[in-house]
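Q: Work out the full structure: start from the sequences and follow the hints.
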Amino acid sequence: MRPSKFSNFIFNRSVQGAFYQAITLSLVILGIYYIVQNTAENMMARGLASGFHFLGVESQFDIGMTLIEYSPTSTYFDAFIVGLLNTLLVAGIGILFATIVGFAFGIMRLSSNWLIAKIAETYIEVIRNIPLLLQIFFWYFAVLRALPRPKQSIEFMDSVFLNNRGLFLPDPNFGEGSSVIFYLFWITIIISISIFIWSKRRQNKTGITFPAFYVSVALVVGVFFAALTATGFPVSFDIPELKGFNFKGGMRLIPELVALTFALSMYTAAFIAEVVRAGIMAVSKGQTEAARSVGLKEGLVLRLIIIPQALRVIVPPLTNQYLNLTKNSSLAAAIAYPDLVLVFAGTALMQTGQAIEIIGMVMGVYLFLSLFTSIIMNLFNRIMKVGER
Amino acid sequence: MSNINKNMTPPVIEIGVLGWMRKNLFSTWYNTVLTLIGLYFIYIIIPPFLSWAFFDATFSGTTREDCTSSGACWVFIKQNMKLIIYGLYPSDELWRINIAYFLLAVSIIYLLIPNLKYKGGVGVFLLFIFPIICIFLFSGGLGLENVETRLWGGLFLTLVIAGVGIVLSLPIGIMLALGRRSKLPIVSLLSTIFIEIWRGVPLITVLFMASNMFPLFMPEGVNFDKLIRALIGVMFFSAAYLAEVVRGGLQAMPKGQYEASQAAGLTYWKMMSLIILPQSLKIVIPAIIGSFIALFKDTTLVLIIGLFDFLGIIQFVGTNPDWLGFSHEGYVFAAAIFWVFCFGMSRYSQRLEKKLDTGH
Numbered sequence: 442m443r444p445s446k447f448s449n450f451i452f453n454r455s456v457q458g459a460f461y462q463a464i465t466l467s468l469v470i471l472g473i474y475y476i477v478q479n480t481a482e483n484m485m486a487r488g489l490a491s492g493f494h495f496l497g498v499e500s501q502f503d504i505g506m507t508l509i510e511y512s513p514t515s516t517y518f519d520a521f522i523v524g525l526l527n528t529l530l531v532a533g534i535g536i537l538f539a540t541i542v543g544f545a546f547g548i549m550r551l552s553s554n555w556l557i558a559k560i561a562e563t564y565i566e567v568i569r570n571i572p573l574l575l576q577i578f579f580w581y582f583a584v585l586r587a588l589p590r591p592k593q594s595i596e597f598m599d600s601v602f603l604n605n606r607g608l609f610l611p612d613p614n615f616g617e618g619s620s621v622i623f624y625l626f627w628i629t630i631i632i633s634i635s636i637f638i639w640s641k642r643r644q645n646k647t648g649i650t651f652p653a654f655y656v657s658v659a660l661v662v663g664v665f666f667a668a669l670t671a672t673g674f675p676v677s678f679d680i681p682e683l684k685g686f687n688f689k690g691g692m693r694l695i696p697e698l699v700a701l702t703f704a705l706s707m708y709t710a711a712f713i714a715e716v717v718r719a720g721i722m723a724v725s726k727g728q729t730e731a732a733r734s735v736g737l738k739e740g741l742v743l744r745l746i747i748i749p750q751a752l753r754v755i756v757p758p759l760t761n762q763y764l765n766l767t768k769n770s771s772l773a774a775a776i777a778y779p780d781l782v783l784v785f786a787g788t789a790l791m792q793t794g795q796a797i798e799i800i801g802m803v804m805g806v807y808l809f810l811s812l813f814t815s816i817i818m819n820l821f822n823r824i825m826k827v828g829e830r
Numbered sequence: 020m021s022n023i024n025k026n027m028t029p030p031v032i033e034i035g036v037l038g039w040m041r042k043n044l045f046s047t048w049y050n051t052v053l054t055l056i057g058l059y060f061i062y063i064i065i066p067p068f069l070s071w072a073f074f075d076a077t078f079s080g081t082t083r084e085d086c087t088s089s090g091a092c093w094v095f096i097k098q099n100m101k102l103i104i105y106g107l108y109p110s111d112e113l114w115r116i117n118i119a120y121f122l123l124a125v126s127i128i129y130l131l132i133p134n135l136k137y138k139g140g141v142g143v144f145l146l147f148i149f150p151i152i153c154i155f156l157f158s159g160g161l162g163l164e165n166v167e168t169r170l171w172g173g174l175f176l177t178l179v180i181a182g183v184g185i186v187l188s189l190p191i192g193i194m195l196a197l198g199r200r201s202k203l204p205i206v207s208l209l210s211t212i213f214i215e216i217w218r219g220v221p222l223i224t225v226l227f228m229a230s231n232m233f234p235l236f237m238p239e240g241v242n243f244d245k246l247i248r249a250l251i252g253v254m255f256f257s258a259a260y261l262a263e264v265v266r267g268g269l270q271a272m273p274k275g276q277y278e279a280s281q282a283a284g285l286t287y288w289k290m291m292s293l294i295i296l297p298q299s300l301k302i303v304i305p306a307i308i309g310s311f312i313a314l315f316k317d318t319t320l321v322l323i324i325g326l327f328d329f330l331g332i333i334q335f336v337g338t339n340p341d342w343l344g345f346s347h348e349g350y351v352f353a354a355a356i357f358w359v360f361c362f363g364m365s366r367y368s369q370r371l372e373k374k375l376d377t378g379h
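Chains as they are written, first to last, in the numbering used here: chain Y, 442 to 830; chain E, 20 to 379.
It is worth saying that the hints were derived from the structure and are not from the lab. Treat the hints loosely; a few may be bogus.
Stated by the list, open to error - Per the computed footprint, the stretches of chain E lying under chain Y, defined by three or more beta-carbons under 8 Å from a beta-carbon of chain Y, are:
#1 71-79
#2 105-112
#3 172-179
#4 182-191
#5 266-275
#6 301-310
#7 341-352
What the hints assert, rightly or not - Simulated DEER-style distance windows between Cβ atoms:
#8 E:V52 to Y:I509: 44 to 54 Å
#9 E:Y49 to Y:G673: 40 to 50 Å
#10 E:G363 to Y:R733: 57 to 67 Å
#11 E:Y49 to Y:V735: 48 to 58 Å
#12 E:K374 to Y:K646: 38 to 48 Å
#13 Y:V656 to E:M27: 50 to 60 Å
#14 E:Y49 to Y:V656: 27 to 37 Å
#15 Y:I631 to E:G363: 47 to 57 Å
Stated by the list, open to error - Reference excerpt, derived from the structure (chain E facing chain Y, CB under 7 Å, subset only):
#16 L146
#17 F147
#18 G219
#19 V220
#20 P221
#21 T224
#22 M228
#23 P238
#24 K316
#25 I356
#26 F357
#27 W358
#28 C361
#29 F362
Cβ coordinates follow ideal geometry from the N, Cα and C atoms, glycine included.
A: Okay, structure coming up:
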């Protein structure tokens with residue numbers, strides 16, 4: 442018996458597919474419509490106007506730490522920028538320290554020295570299995586809050602002071618002529634990069650090597666100090682001094698910032714250590730042996746064979762950890778460090794009641810960072826992909 | 020060369036403890052330096068901690084006046100133990116939580132003992148029947164008195180949030196992963212957008228959204244309590260992460276498995292539920308446990324929206340005027356408990372990984 446035209450139609454794969462998709466899409470649209478409808482009604486009932494007009498209104502609250510000019514007469518948009526910059530500040534410092542500590546522990550864990558490997562393993566297993574929020578609380582409430590008063594500060598080289606008001610550092614003062622040094626520094630960096638590209642090209646063409654690394658280091662450092670001397674050392678340091686009950690001068694990092702950065706770096710470092718270890722172990726032993734057998738020196742084996750291959754494995758999960766650190770910096774809200782979430786999704790939301798706009802903006806910032814990173818990572822993977830046999 | 024003594028033992032420093040130390044701790048001069056530095060660090064960290072936590076600590080007593088030694092005051096934890104484990108749950112109803120703790124402990128121990136029968140049955144009980152029992156036990160109904168969720172707290176609340184997150188997010192995660200891998204463009208696009216949005220934002224913003232925006236989404240008069248809103252947020256958040264884990268497993272399946280099941284005439288759902296999912300879930304069990312560990316640690320974030328979970332209660336009892344100044348004890352205790360849970364899970368997953376590895 443031949444199947445009828447109708448059963449031919451309903452058992453056709455693409456027809457079924459279209460049918461299921463139509464159902465899914467209409468369900469999603471109905472759901473969104475339902476939510477939007479309810480939200481509109483609820484907002485009307487509460488007398489809330491939707492839209493972003495509130496961003497231009499005076500915020501009337503102050504923020505404990507700001508990187509740009511800000512006062513209670515500034516607008517909500519300024520508060521948003523202040524919060525965003527504070528988040529980026531914590532993320533930036535955290536990423537720097539987490540990378541250093543993480544690489545150190547990752548390499549230590551692979552050490553041939555049994556004790557060092559065990560210490561690294563213990564650190565990683567302890568830190569990874571304790572919630573980050575608990576660690577932040579510990580460093581903030583149990584350590585930094587319990588520090589002595591400014592008079593009994595913990596000192597370091599008479600210029601760095603740690604007490605319950607925060608961490609006091611010497612503040613660099615850029616006098617006249619320092620901009621020249623600044624520009625010269627960047628120019629030498631650009632020249633160094635050009636030297637690297639040129640030497641690589643020449644080596645590919647002729648096989649003649651050029652000590653690009655040493656030449657560029659000499660160039661950057663030499664020009665830097667030459668410029669410093671020529672302009673008569675325009676950079677001075679403002680060293681914090683104890684006056685009365687608190688320190689004057691210098692740069693003050695509030696305890697919230699110190700605790701948050703410290704906890705974030707220590708926590709993420711444990712994950713980065715595992716990433717680094719996995720990356721180095723992913724390079725098969727045959728690669729090292731083959732490199733040695735063609736007569737490369739130990740340093741070159743590392744630099745030309747192992748590190749490039751390990752980095753290809755390390756970089757994607759490493760950026761993922763950076764992203765995690767940035768997202769985790771939102772835990773700042775728990776210890777009242779004025780980051781994006783606390784300032785904007787906390788205080789500003791409480792005052793204006795514009796839940797949808799504010800949460801949308803905050804989520805948008807993090808989403809943008811995530812998507813941006815994953816685009817960069819996809820590009821990286823495409824460039825670094827090795828042609829497989 | 021004929022006078023070699025065949026019975027001569029190897030040099031003392033090549034074998035035994037000394038040989039091991041020479042090889043692993045003092046092989047070169049810089050290894051020796053590293054070992055000494057390491058020993059110094061251990062010396063300045065471990066003995067003071069041990070004497071604080073155990074040797075100089077006070078274990079017995081009822082008030083802070085009993086803590087006269089220089090060490091930790093574990094009386095603080097002992098006196099607040101009921102709050103830490105049960106939250107503000109009414110004292111007369113604590114047996115309900117105890118039954119749940121007991122059932123959970125028995126099932127987990129049963130699953131951990133190797134070579135027992137009916138493990139699958141116990142697993143199904145834990146995933147499907149146990150949660151339903153818990154709903155009635157905890158919130159009331161069927162003749163039990165109602166207990167409001169604002170009284171829930173402590174370790175109990177942490178386990179409830181983690182448990183609900185785990186049980187509900189797995190099926191949603193599997194559906195999302197199937198959706199994202201689907202050949203139907205709209206389904207795949209919608210799943211991808213959903214997954215990427217939840218994965219792209221921090222859990223705190225999700226919880227803020229749950230507590231501030233969900234009430235706006237619902238029609239007038241419908242009001243979820245705070246715990247349920249947080250649970251919904253946690254559930255979607257962890258479902259998105261699980262979806263990516265499951266997708267990894269689906270991608271690891273050889274194409275032949277799909278083609279063979281299609282050739283055998285299986286429909287899509289039969290192919291997935293009988294052939295593909297059982298195999299790919301098995302591959303990713305360690306990764307699933309990994310995301311459960313992450314979820315368990317993340318449950319602490321609910322204290323930011325005002326729920327008193329394990330960590331929240333520890334913060335809370337630390338503000339009690341009778342017990343001010345014992346935050347070290349509280350945090351160390353909480354860290355130890357969390358560590359035992361998380362480390363135990365990660366070790367279990369490593370064991371499973373070895374056991375399930377059937378090789379190809």
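Q: Hints first: check each against the structure and report whether it holds.
A: Okay, the hints, checked on the actual structure:
Counting residues of the stretch 71-79 of chain E whose beta-carbon sits less than 8 Å from any beta-carbon of chain Y gives 0, not enough to reach three: the coverage restraint is violated. Under a criterion of three residues with beta carbons nearer than 8 Å to beta carbons of chain Y, the stated coverage of the stretch 105-112 of chain E fails, only 0 such residues being counted. Only when three residues or more bring their CB closer than 8 Å to a CB of chain Y does the claim for the stretch 172-179 of chain E stand; here the count is 0, and the claim is violated. Counting residues of the stretch 182-191 of chain E whose beta-carbon sits less than 8 Å from any beta-carbon of chain Y gives 0, not enough to reach three: the coverage restraint is violated.
Coverage of the stretch 266-275 of chain E by chain Y is violated in this model, with 0 residues showing a Cβ closer than 8 Å to a Cβ of that chain against a need of three. Figure legend: the stretch 301-310 of chain E, annotated as covered by chain Y; annotation inconsistent (0 residues with Cβ-Cβ distances under 8 Å, at least 3 required). Coverage of a stretch by a chain is defined here by at least three residues with a beta carbon nearer than 8 Å to that chain's beta carbons; for the stretch 341-352 of chain E and chain Y the count is 3, and the condition holds. In this structure, E:V52 and Y:I509 meet the distance hint of 44 to 54 Å, their C-beta atoms being roughly 47 Å apart.
Taken as a hint, the range 40 to 50 Å holds for the pair E:Y49 and Y:G673, whose Cβ atoms sit roughly 42 Å apart. Against the hinted window of 57 to 67 Å, the Cβ-Cβ separation of E:G363 and Y:R733 comes to about 42 Å, which falls outside the hint. The hinted range of 48 to 58 Å is not satisfied by E:Y49 and Y:V735, whose Cβ atoms lie roughly 28 Å apart. Between E:K374 and Y:K646 the beta carbons are some 56 Å apart, a value that contradicts the proposed interval 38 to 48 Å.
The beta-carbon spacing between Y:V656 and E:M27, approximately 58 Å, falls within the hinted interval of 50 to 60 Å. Hint check: E:Y49 to Y:V656, Cβ distance near 30 Å, so the stated range 27 to 37 Å holds. Checked against the hint of 47 to 57 Å, the C-beta distance between Y:I631 and E:G363 comes to roughly 54 Å, which is consistent with it. Interface restraint check: E:L146 against chain Y, minimum CB-CB distance 24 Å, threshold 7 Å, status violated.
At a threshold of 7 Å, the smallest CB-CB gap from E:F147 to chain Y is about 26 Å, leaving the interface hint violated. Taking 7 Å as the C-beta contact cut-off toward chain Y, the hint placing E:G219 at the interface holds, the least distance being around 4 Å. Below 7 Å, beta-carbon pairs count as interface contacts, and E:V220 has one with chain Y at about 5 Å; its hint therefore holds. Contact between E:P221 and chain Y, as hinted, is supported at the beta carbon level, the nearest pair being about 4 Å apart and thus within 7 Å.
Hint on E:T224 holds. Least Cβ distance to chain Y is approximately 5 Å, under the 7 Å limit. For the restraint placing E:M228 at the interface with chain Y, the shortest Cβ-Cβ distance is roughly 5 Å, inside the 7 Å limit, so the hint holds. A hinted interface residue such as E:P238 counts as satisfied when its beta carbon comes closer than 7 Å to some beta carbon of chain Y; here the least separation is about 5 Å, so the hint holds. Below 7 Å, beta-carbon pairs count as interface contacts, and E:K316 has one with chain Y at about 4 Å; its hint therefore holds.
The interface hint given for E:I356 is violated, since its Cβ lies 10 Å from the closest Cβ of chain Y, which is over the 7 Å cut-off. Satisfaction of the interface hint for E:F357 is found here, the shortest Cβ-Cβ separation to chain Y being roughly 5 Å, below the 7 Å cut-off. Among the interface hints, the one on E:W358 holds; its C-beta lies about 5 Å from the nearest C-beta in chain Y, closer than the 7 Å criterion. Taking 7 Å as the C-beta cut-off, the interface hint given for E:C361 holds, the closest approach to chain Y being about 4 Å.
For E:F362, the interface hint holds, since its Cβ comes within 7 Å of a Cβ in chain Y; the closest pair sits about 5 Å apart.
Of the numbered hints stated above, those contradicted by the structure are hints 1, 2, 3, 4, 5, 6, 10, 11, 12, 16, 17, 25, listed in ascending order.
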